[in-house]
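Student: The lines below spell out each chain.
There are 2 protein chains.
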Amino acid sequence: MLTSVLDAASVAVVGASKVETKRGYQTIRTLLNEKYDGDIYPVNPKENSILGLKCYPKISAIEGAVDLALIATPAKTLPAVLEDCGKKGVKGAVILAGGFGETGAEGRQLEDRVVETARKFGIRLIGPNTSGMINLKRHMNLVGMKDVPIGDIALLTQSGNMALTLITEARLKSRKGFSYYVGVGNEADIRFHEYLEFFRQDPETRAVLMYVEGMRQGREFLHQAYKTTREKPVVLLKSGRSAKGKKSAGSHTGALAGISEVAKGAFQRAGIIMIENSDQLFPAAEALSSLPPMKNNNVAILADGGGHATIAADVLTDLGLAIPELDKKTQDGLKKILPAAASVVNPVDVAGGTDADPSLFADCARVMLKDSQVGALLIVGLFGGYGIRFAESLSLMEEDAAHQMGKMVRQKGKPIVVHSLFSREKPHSLDLCRYYGIPVTDSLDIACKNIAVLAEYGEYLRSYRAQASFFMNWGVKATQAGRYIIAGARAEGRRALLEIEAKQLLSSHGAAVPGERLASSPIEAAEAAEAMGGPVVLKIVSPDILHKSDAGGVKVNLAGQKQVQSAYRQIMKNAKAYNPAADIRGVLVSPMAQRGVEVIIGTKTDDQFGPVIMYGLGGVMVEILKDVSFRVLPISRRSARKMIEETKSAPILAGVRGEPPYDKKALVELLLLCSEVMESYPEIEEMDLNPVIVHHEGLSIVDARIILKEEGS
Amino acid sequence: MLTSVLDAASVAVVGASKVETKRGYQTIRTLLNEKYDGDIYPVNPKENSILGLKCYPKISAIEGAVDLALIATPAKTLPAVLEDCGKKGVKGAVILAGGFGETGAEGRQLEDRVVETARKFGIRLIGPNTSGMINLKRHMNLVGMKDVPIGDIALLTQSGNMALTLITEARLKSRKGFSYYVGVGNEADIRFHEYLEFFRQDPETRAVLMYVEGMRQGREFLHQAYKTTREKPVVLLKSGRSAKGKKSAGSHTGALAGISEVAKGAFQRAGIIMIENSDQLFPAAEALSSLPPMKNNNVAILADGGGHATIAADVLTDLGLAIPELDKKTQDGLKKILPAAASVVNPVDVAGGTDADPSLFADCARVMLKDSQVGALLIVGLFGGYGIRFAESLSLMEEDAAHQMGKMVRQKGKPIVVHSLFSREKPHSLDLCRYYGIPVTDSLDIACKNIAVLAEYGEYLRSYRAQASFFMNWGVKATQAGRYIIAGARAEGRRALLEIEAKQLLSSHGAAVPGERLASSPIEAAEAAEAMGGPVVLKIVSPDILHKSDAGGVKVNLAGQKQVQSAYRQIMKNAKAYNPAADIRGVLVSPMAQRGVEVIIGTKTDDQFGPVIMYGLGGVMVEILKDVSFRVLPISRRSARKMIEETKSAPILAGVRGEPPYDKKALVELLLLCSEVMESYPEIEEMDLNPVIVHHEGLSIVDARIILKEEGS
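If you're matching them up, the sequences are chains H and V in order. Counted from 1, the first sequence has number 407 at position 412 by my numbering; the numbering is strictly sequential. Counted from 1, the second sequence has number 539 at position 544 by my numbering; the numbering is strictly sequential.
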């Protein structure tokens, strides 16, 4: 679909120039120098020829077919240029200029006009506000960047600087390179998910490396990512997590559900490897595109001496990896080849055993990788430096070890990662490691993170289930009662459902809501209470009073006729004092919930991802410790379970201090039910079940709030 | 004190050799090559001369004075060699050999013997099990490592590999170097704190860089660190935090107080900059030894384009730094020199304004550093690369900018840190930055961390109070009652005080303990309860029943004669069933504590640091979330306050959902009281106040446990 854009057979450069510092010159020079295999058409009404190529006054004047136009002219010229592109039948355009949506309302208008024109002619747009794109295999370098190494990583970024950083790293610290680079810019037309789809289908791309600041269609991207990550790894750094002023949302849940938290969880669920430290971004792509993912989370460490191994063990443990003791057989095998002072447990310390012959590293690696519980090998410290430190002849033995280990990775299907403090001195042995796809770094942290991403990707692939979905089946499971309740509220011009309505809606999907009754007099309330037996709660019912407690509209733990009747009267009095004009529908009488663990479930509609859900333990846990988990809806039973498990306070539900466990199963069902409700009624903007009390058996939805979207939105 | 060891005027090499691969050869060659300014005496009974120097059969045969002996012979020879050193009057010895304490009981015995011999003759020992030491200014390189750069950082490590890593980094990534390197080894004689004291007094050392795996005398080290960090920064990485099998301690507190947590907090309190990521260790020392500490936590970011600035803002925010909007005046100043598209808020984006003249970076820096709220400037992205990317002539302007900025740092006393993706290409401008002490790195994370350590050190120096102390005034504040209680328990051969004894001891130091009474019959218990008014708690009192609840020895919320009497009988029955042989002293009657926030305070005696204290919110907060804080005792009022504040759950004490606040002041006093109690009775091993209930006014110590050290320990 994007082939004629990203694999264009001919390029017109609009704004071509003879001035060396201009982009319209540099691009043509680069295309010529790097021997782009398509046709190049300079476009500039003031010139006859540029760099020996015939120059055209406008695109429509070109005789041959034009796949792609690189437009280097200012923003305001764009509508006219695109009209001309349209006449010519150009398939795609790269718009370099800034001055569009990123500058405010006026720019946004211009951007909309440009997109409209492009759509009219079926022209696909990259940018605007981009550094451009490069197709390495066709030598189509529209950025003018020198020395971009060719390889199997597709680079997709929203910052030209970050592209430059990553390309520089590839060039100076690895043997890797790129299949494509695309600067996404404002994402005005072609969106992240479309590029991703293209790279998924590109046989020469083995991994996708992304830097993202914002995203227009998060849900479509998730869907595409989910399809892609099964076939090739996607590594992503999302910046802007510190951005002040998160959209303040009225509801409790809204305030907690920060965009980046939702994004992170959703991306991971789609199998994307999320990186938070920019230093680890390129190395992660290097490791994932070169090495097999790990089959378990167990790492064996091989070192010469202490220090590095100790630190690596700390870092790997922090990253959630295990450093198990090696099998007896493995230990015996190591003992045979290492001196007596060596440690053969894990980390393995050769204790100077490699001083005379560093090819012993390969022998150790072979024995260690043979251990079935070992998922990967991390070599730390001095490898690559024996030749530098001691005698040059040792270099040759290190090279031998590199050859052996490189082949070992392929044979065993287990990754090896090397940390060497000599990496910067560029010994040939370390370059050989890289030739075989073994990443080498002088950073212990990066080496450990490389292992961690290989483990994470392996775990994702193993746990992959075909049932995850990022599409909503809107309305399919809606109930008659639910539709009726929403229609009723709409008819009254209300966006907030009454508590009793919200609970009835949930109940129509199978939620166990206590036998509540609406009473419209003290006597009715007392009768209802008596029928329930045990203490009750009274709550005001009024579309005009949303914050019932603030209005003195809630009385709890009431027992006996007298208490109930007096509470009824008090509530009515308070409500009228709070809002004399309030439309009061009565008082809701509910049985007091048994004791249990308070939790809170909320859903809202995210700008980028649509319906999302939040779960957390109630009270201080959520308010002070922000101990919550998020998911993009819909969720599977497995996701619901994981949402509960991944909160820090999860052990409380298992029962502390010898208590019996709380009914986690009922909670899982309730999360699924919330997912179903959101999927059933596209009209719902957000929902808040707060608190829900989980008992040892079953649970009670104590309060429920449902807010509809603005009508017509 | 260590001068004759670390600044030795003459060195004897025991185990000198003619074999090139031997340490006894390499050391002498290095001393000769690097022109050590003292005398060198090879010692080997089998040789007459080595490398042109006269060789002696033993140390005592040397005519001249010998300050230091480097001993390269095996472990078992050490006692005899040291005897000979003693005869000669040698002042210090570096013992390279392993095979001592680190290998087990036998080695530990040998190590003890060696230390004993050394003490007999007043010989100070470095090691054993060390890679050696280097005194750079005297060219006394006893490690045989090549190309160690000279400079103002003292390097103190417990891993030769980490020393090699840090020295390699200094050489390849900075213009910095070292005043000393000491491999601490087993710390058999000279301890960390003694080296630190020496480096504090050394005028040529501006910062101390440490890698630590374990430490023998933590408290002395803290004291010395506390004195040192006022004068020069100390940067430290402690590894081994993942070590499985933390010493399991019997008490609840013990299980939580992991050694490394105590160490980290204590080190920070002594002003040490703790580093967790080994990649950041050398850069932190570089920044701290070259730049002034920050006067506030505000950072200004200067960039050309997005991406890097966004990421830096994220990372700095995570590190606790602020990125405030710049003053109106500053913004106006920037607007004057930058193009209209530039952003002048913060991060400042020159938006290509430096393309034609990158010396504009210096102009921007000048304006930004003039802003009084700006504590430091971080330049990210492309600086140093304009000459590489565009035209060579731009390099000269970058060099100009480097000169200007270097002087600016000195004039303004504010640090500048540079991130450049061109750092690896080594442009001269970046080397100039380093010449002026401006660190340059291609890692955004390291650049941000450099800023963070400058802020942390600045904050420490500002908040420094002369009152912090790491010495215990044992026994000074002990009470008569306290001594009596402990003596009583000892007389009965008990290590655990009874609850009532523990509370009386606390009470003798001013703790408000409720008016409890010991009852020895149902009637006495009922009388006591009546006198208290309100509900009471009954608890069994027996030195043989430590876990009272498990024994059915606790009954709560008892009201009325009947309930109290029947509870008494039930408790007695349960206790006898639980342990028929138990020595039962009666039942403790206490008033039920009012409601409030449950907290827990524990103290224990740490192997490395002596008495330490732990604080946390009770219940699930401490059990599941491990939300606790630690301090080495004694603590100041300020520390007590910070202990409470630094727990995540601290806001709960401020009162949530409109509650009035809880009595934090009473809690601070109780923490200080616990500090005083631990200082008063060296006999106490550990103490557990669990729970303490904090009320809106005052608090209740519900249960207290005190365990004494083993007698004679």
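Among the hints, erroneous ones may be present.
[Unchecked claim] Derived lysine-lysine pairs resembling DSS-like cross-links, with alpha carbons at most 25 Å apart:
1. H:Lys643 with V:Lys421
2. H:Lys621 with V:Lys115
3. H:Lys621 with V:Lys324
4. V:Lys637 with H:Lys643
5. V:Lys132 with V:Lys115
6. V:Lys659 with V:Lys637
7. H:Lys637 with V:Lys643
8. H:Lys637 with V:Lys621
9. V:Lys421 with H:Lys141
10. H:Lys259 with V:Lys643
11. H:Lys407 with H:Lys323
12. V:Lys115 with V:Lys82
13. V:Lys141 with V:Lys30
14. H:Lys49 with H:Lys17
15. H:Lys402 with H:Lys324
16. V:Lys421 with V:Lys402
17. V:Lys421 with H:Lys421
18. V:Lys41 with V:Lys82
19. H:Lys643 with V:Lys643
20. V:Lys132 with V:Lys227
21. V:Lys557 with V:Lys543
22. V:Lys568 with V:Lys621
23. V:Lys17 with V:Lys141
24. V:Lys141 with H:Lys421
25. H:Lys659 with H:Lys643
26. V:Lys637 with H:Lys621
27. V:Lys115 with H:Lys643
28. H:Lys621 with V:Lys643
29. V:Lys330 with V:Lys365
30. V:Lys621 with H:Lys659
31. V:Lys323 with V:Lys290
[Stated by the list, open to error] Incomplete in silico selection of chain V near chain H, CB under 7 Å:
32. Ser234
33. Asp274
34. His303
35. Ile306
36. Asp309
37. Gly376
38. Ile619
39. Leu620
40. Lys621
Source of the hints: derived by calculation from the structure; they are not laboratory data. Computed from a prediction, not measured in an experiment: that's the story for all the values here. Glycine included, C-beta positions come from ideal geometry on N, C-alpha and C.
Student: Next, verify each hint and record whether it holds.
Tutor: Results of checking the hints against the structure:
no. : hint                   : result
1   : H:Lys643 with V:Lys421 : violated, 46 Å
2   : H:Lys621 with V:Lys115 : violated, 61 Å
3   : H:Lys621 with V:Lys324 : violated, 39 Å
4   : V:Lys637 with H:Lys643 : holds, 24 Å
5   : V:Lys132 with V:Lys115 : violated, 31 Å
6   : V:Lys659 with V:Lys637 : holds, 11 Å
7   : H:Lys637 with V:Lys643 : holds, 24 Å
8   : H:Lys637 with V:Lys621 : holds, 21 Å
9   : V:Lys421 with H:Lys141 : holds, 18 Å
10  : H:Lys259 with V:Lys643 : holds, 23 Å
11  : H:Lys407 with H:Lys323 : holds, 20 Å
12  : V:Lys115 with V:Lys82  : holds, 11 Å
13  : V:Lys141 with V:Lys30  : holds, 13 Å
14  : H:Lys49 with H:Lys17   : holds, 18 Å
15  : H:Lys402 with H:Lys324 : holds, 23 Å
16  : V:Lys421 with V:Lys402 : holds, 21 Å
17  : V:Lys421 with H:Lys421 : holds, 16 Å
18  : V:Lys41 with V:Lys82   : holds, 21 Å
19  : H:Lys643 with V:Lys643 : holds, 13 Å
20  : V:Lys132 with V:Lys227 : holds, 19 Å
21  : V:Lys557 with V:Lys543 : holds, 22 Å
22  : V:Lys568 with V:Lys621 : violated, 37 Å
23  : V:Lys17 with V:Lys141  : holds, 15 Å
24  : V:Lys141 with H:Lys421 : holds, 18 Å
25  : H:Lys659 with H:Lys643 : holds, 15 Å
26  : V:Lys637 with H:Lys621 : holds, 21 Å
27  : V:Lys115 with H:Lys643 : violated, 56 Å
28  : H:Lys621 with V:Lys643 : holds, 10 Å
29  : V:Lys330 with V:Lys365 : holds, 15 Å
30  : V:Lys621 with H:Lys659 : holds, 23 Å
31  : V:Lys323 with V:Lys290 : holds, 21 Å
32  : Ser234                 : holds, 4 Å
33  : Asp274                 : holds, 5 Å
34  : His303                 : holds, 5 Å
35  : Ile306                 : holds, 5 Å
36  : Asp309                 : holds, 5 Å
37  : Gly376                 : holds, 5 Å
38  : Ile619                 : holds, 5 Å
39  : Leu620                 : holds, 6 Å
40  : Lys621                 : violated, 9 Å
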